[in-house]
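Chains as they are written, first to last, in my numbering: chain A, 1 to 312; chain B, 1001 to 1449; chain C, 2001 to 2367; chain D, 3001 to 3276.
Honestly, the hints are just simulated from the structure, not real lab data. There's no promise every hint is true.
[Said to hold, decoys possible] Partial chain C-side listing against chain D, Cβ under 10 angstroms, derived:
no.	residue
1	G2051
2	F2081
3	A2266
Ideal Cβ placement from N, Cα and C applies to all residues, glycine included.
This is what each chain is made of:
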Amino acid sequence: MTTEPVPSPPKKVRNFALLSNRAGAAFLTPAGLLVSVFVIVPFFWVIFVSFTNRTLLGRTALNPEFVGLANYFSLFDPATFFQRGQFGFSLILTTQFVLASALLGQALLGLLLAWLIQTVPPWVKRITETFVIAAWILPEVVIGFAWFAFLDRDQGTLNMLLEGFGLPPGDFLLQQPFWVIVVFNTWRGAAFSMMLFNSAFSSIPPSYFQAADVAGASSWQKFRDIGLPLIRGHIVTDLILITMWTFNTFTPFLLTNGGPSYRTELVSIYNYRVAFQDFQFGKGAAVGVIMMLINLAFALVYLSIGRKKKVR
Amino acid sequence: MKNRMRALALGLIGATSVAIPAFAVDLNVTCRCVIGGVNSGTAQWIQESVIPAFEAAHPDVKVTLNQFGGEDAQLTQQLALDFSTGAGPDVSAFDGFLIPSFVEGGLLKSLDEVAGPEVNDWSGWAALSEGSRSLMEYQGKFYGIPLGTDVRMIHTRKDILAEAGIDADNWQPKSWEEVLDAARAIKKIKPDSFPIQLNAGVAMGEATTMQGYWLALLGTGEKVTDDNGKFVVSSQGILDTLNLYKTIYVDEALGDQRAQLLADGRNRSFANFRDGVTALLFEGDYFYRSVTPEGSEFAVPNRDEVMGWVKVPAQEPGKGIRGQDFVTISGGTGFVINPATDAPKEAWAFLSFMNEPEMQNAFQAIQPRITARKDIEIPNSPFLTATSQALLPLTTARPNNPNYNAVSSEIQRMTEAVVSGELSPEEAMAQYKAAVTALVGAENTVSLL
Amino acid sequence: MASVEFKNVTKSFGEFKAVADVSFDIGDGEFVCLLGPSGCGKTTSLRMMAGLETPTSGQIFIGGQEVTHLHPKDRNIAMVFQDYALYPHMNLADNIAYPLKVRGEAVAARHGRAKEVADVLKIGHLMDRLPSQISGGQQQRTSLARALVYPAKVYLFDEPLSNLDAKLRLEARGFLNHLQRDMGMTAVYVTHDQAEAMALATRIAVMDHGHIVQFASPIEIYRRPATTFVANFVGNPPMNLVEAEGAQVDGKLALKAEGLTIAGLAMTDAIGKALATSNKLTLGVRPEHLGIAQTGAANTITAPLFANENMGPESLVTLDRGDSARVTARIFTDDHLDLSQVVTLGFSAEHVHLFDSTGKRIPALGE
Amino acid sequence: MKLTIPAFVGRIAFSALAALIGAIFALPLLWFLFAPFNARAELGLALPDPWTLNNFVTVFGNSYAVQALWNSFIQAAGGVILVGAAATLAAYALSRSSIPGKSAVTYILLLFSSVVSGSAAMVPIFLIISAAGLMDTHIAVILTFAGGLLPTAMFILRDFIDSIPKSYEESAMVAGASPVQAFFDVALPVIRPGIVVVVVWAFVNIWGSFLIPFILLRSDSNMPASVAIYSFYSEAGTPIVTLLAAYSLIYSLPVIALYLFVSWKFGFRFFGGIKA
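Build out the structure end to end from the sequences listed, making use of the hints.
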């Protein structure tokens, strides 16, 4: 067999891929169109409007002016920044909220649950899972009302229980509104972390744990030395998503309306108030842009942590 | 391929958005009213009286009522968005105080601009009282027809006042101190009660400003704006008002602090009155008309016996606005026409039709109220007759200012800061000053201290 | 069946050259094994034949036709994957018949053909099962059946037996060998297991760092490994390699290393040339060519005993020459070897392999 | 395997802890199990007295509320089909093609979507829908949700597809399948568990959401249940507890049923884990 060396014309070598670039582009088109119209266009609209003083009502509705960074300056005005009901207060509140309810609450509780249900009998696993997931999937108006009834000072289930245990009842929505929304958001969102970590754990070959069993490792040691390191990628995914979701969540509004006295006014609620109650689109847009930058910072931090550890 | 996509897209849009007109003209009417729900009387009136009668008179017009069940602020949102894009109902219920900001935003046009000069020939204009006409007026032009107006007073529980040794039938406080003294007397015999309800806080929205803050502030001789239309951002009147709040809610617990702070606080305050926890409640005639009648949720048992009303006193006699001894404030709602309506003539026909005496009397039969028209009697309602006669001469209106809505939000924040005990009146006023100055510009504010 | 040819094929992943300027020719009906450690470029080469990777430069021909940039589906090849890649949602019949389905054959015809092949592979009774419901060995045969169900020009195997246990692997290897004889198919088979390569291949291409080090028949590779790398890779246990200093003494080659006693080896021109560059030579002796010998005898290695493993028909005797340099002998004896602390292993001069300082084989006389 | 005593105690403790957490999660929802059947329900937890189904009869008598459930279904189903299909295609392309910059795309979109999920973007979305003449239509809600949920759906699904061996499609192509055949015959069925997760997630999101339909819809006949539920508030705006509870229960059942069905049929599985 001989083959004449055919001098093939110098063409650009395109590496084989399961999906050619052309097919890939076709596959991306539907999502691309939808995302362009409903995400990218609004995104740039928001950025643009954040540099104007556009409002819905009043003189600046018809003739908004370009005001440069004025909206941003007003958000970061040091004279009012930390006052309740102002941007800075919301920002700090939201940061605490994310730390407490997403990182400490949802992620840790989800991790704990995922670890627990690896070993418990199937019926315990099933019941626990169902309730945890119910909290996640029920419609928010229903959930909002359920918690409202649950926390009612005079009749609520929680105070009924507390009194049953001989504890003093509390006026939680007024006295500890921040902790109410922290607990609420942990309750609402733990399911996602639980499911993600659950599937992460079950993707680890059982032999790894059996080997540790033989070596006499305790449950905690197995968790720390085997489970945790092997699901690092999942943890990064989980943290990115739940941080972002918690940072942007609006659901606590249904429980507290952002009050009392703005004590639960998260940035998303602040943003809603500025844009949709005060109708100051320009300023609301500036809030939206800052929120995105913070989300970006979060994502970069997680990704760099995830990467660094992998290299080591 | 491209053409096929376009055809598909057009098909989708067409299939979902094109309604087949069965009548020559379709009119949509929106109000925050639901039969059996919010403002049931209004909904019932439009659906059962106005629409059949109008359609009988105009057989080529089909009128549909959209019953909006959400909150006032939500309807404002929807109307603002819709009007800004040329969409929305042809005729809509509308709160008068929003007219300036809508007009300035280009979202409303005067009636004659929308429907033509024949608007000015309508016979009903002459029948409207001067005061009520101004509710839907801005810079000398009419943007809608007012439906009715209201007045504000202190609703009393005579049974409880009597228990505290007060001659309830003849009691009319002449100063804030007398109101407070009565509350203290009640608190003494009923330590768990919260005798006074003077609205405060963010959750109640405009009800805080109108039924609470204004009623107190007018008693100090001041208004939210001065005579030149500039917002007053620091004054003795504001301080006195805030101190009154502080006395009631913080220092002496004469009012239910929780009800001011919780999201459903307004209903809690109504329930307090129903349950005899509160005996002196600052509200409009709405409270009598719509909140407490028999069969409604906050119906006061044996209402005619136990419920009374008194005028809101000034801080001291003669210290009120215009030197009055007593003060009150009125607002009002009406209906406007969408500037982008497809059927301006028919919309105007409907709007004026619903304000003809015949229709107004039908409304009165369903739910008596203080009407805008002078030629409509208040049937068989001693309460409305008495209050309107006593209070309409004393009344004040909110400033016709496009920034009023935003400033009102700041007022609500200011009261909440005081009522919750977080800020002193001085601090709260300083915060208010800063916020309002940022909103309207220093040149539009004035400090009286 | 068809031939396969690589012409100066290079594949780079960024800076890394997985396959570096490789050329070879596989004849029609040959069964070629690509053998080497992981990362040597053997799987990449196979995937380039399949069309699953595109060469950075060079050309690939199948049956004389250039296929360098041809889509896999247009090459008419068959491939068995390391992880079998059985479709979890299809039963065995559909899995095996899938290549026929995409070729447009009717359901009845393709299921009939699938059953034939499955019967040959002894999985015909499992056609309704899902892949998750059968054993690993059965899965392996299913993936084989899917490759055999249609006539391909070339059959490609990517470590198809590596997920099987030892016994099943031997069985499957025998079957593949039989199949190859039966069908006379052109096959390219990637493995890191030299025994598999030796057993199956008509020719073996030993690869290292993207290069083909030696491409020859199994017996040639066994008898005349081209480099120390090949020598060390082929054979079980691999060839013993002893680094030594060489010198020409009295027209003979003398080698000096710790514990090594060697009579002068015949000097050749090739050895002379190697010595001219460097006196560092490597002596190679296969374990099966070593036997117990008298201490001090010629052609022996003496060192402390490290291990003595009795394997049944043979014993593996390992000496430790220090610095982890070990020498292993395969000694065929039914008797239990009772060895003392220091052991001497002997070999005959004809079994000596010599490599120069770069690791290249120095041809023996007559090669 | 025989358990040692400490291990046995450990397992009991684990089970007890898991059950306790489950119970705590159930607490706020308990009320919904009783109140709908109680003729005189209030905010407090109480056994139904008297026990009744009348609340449901009343709720089903409210044609607006019943229609709203159907509207919710249309919007959720439409949105889910669009999100599921578009996200699957896109995530597959992002995972399997070598389009330049594809690894950055999902992160960037995710960040964009975090802006857009805020209320700030409601205005441009309103303007877009209005300009397209789609106000007050189901399709407006469906498209808006699809666009908003897609970035996250693509993110989750791409992670999932990345974790699936490429040898499935490779073997299909070597066997003679075109990329499109390999996608539909082999890849799609294998990705299905991931699609199910995304579909359930998207369904739950659309089914429960209030703001977008509220802003894009006008007529009662198009409003979903999340808006219609407010028709069970009294004239004064307080909840009519009995009816609200009954409606909430009916409104919640589809998502619960969906979850149970999916976890029974497919199992709820996530893959994921970012590959650096």
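Tell me if G2051(C) is really an interface residue toward chain D, meaning its C-beta lies closer than 10 angstroms to one of theirs. holds, 8 angstroms
Tell me if the interface restraint on A2266(C) is satisfied: Cβ within less than 10 angstroms of some Cβ in chain D. It is violated, given that the least Cβ distance between A2266(C) and chain D is near 52 angstroms, above 10 angstroms.
Was the hint right that F2081(C) lines chain D, CB cutoff 10 angstroms? holds, 5 angstroms
Violated hint: 3 only; the structure is consistent with all others.
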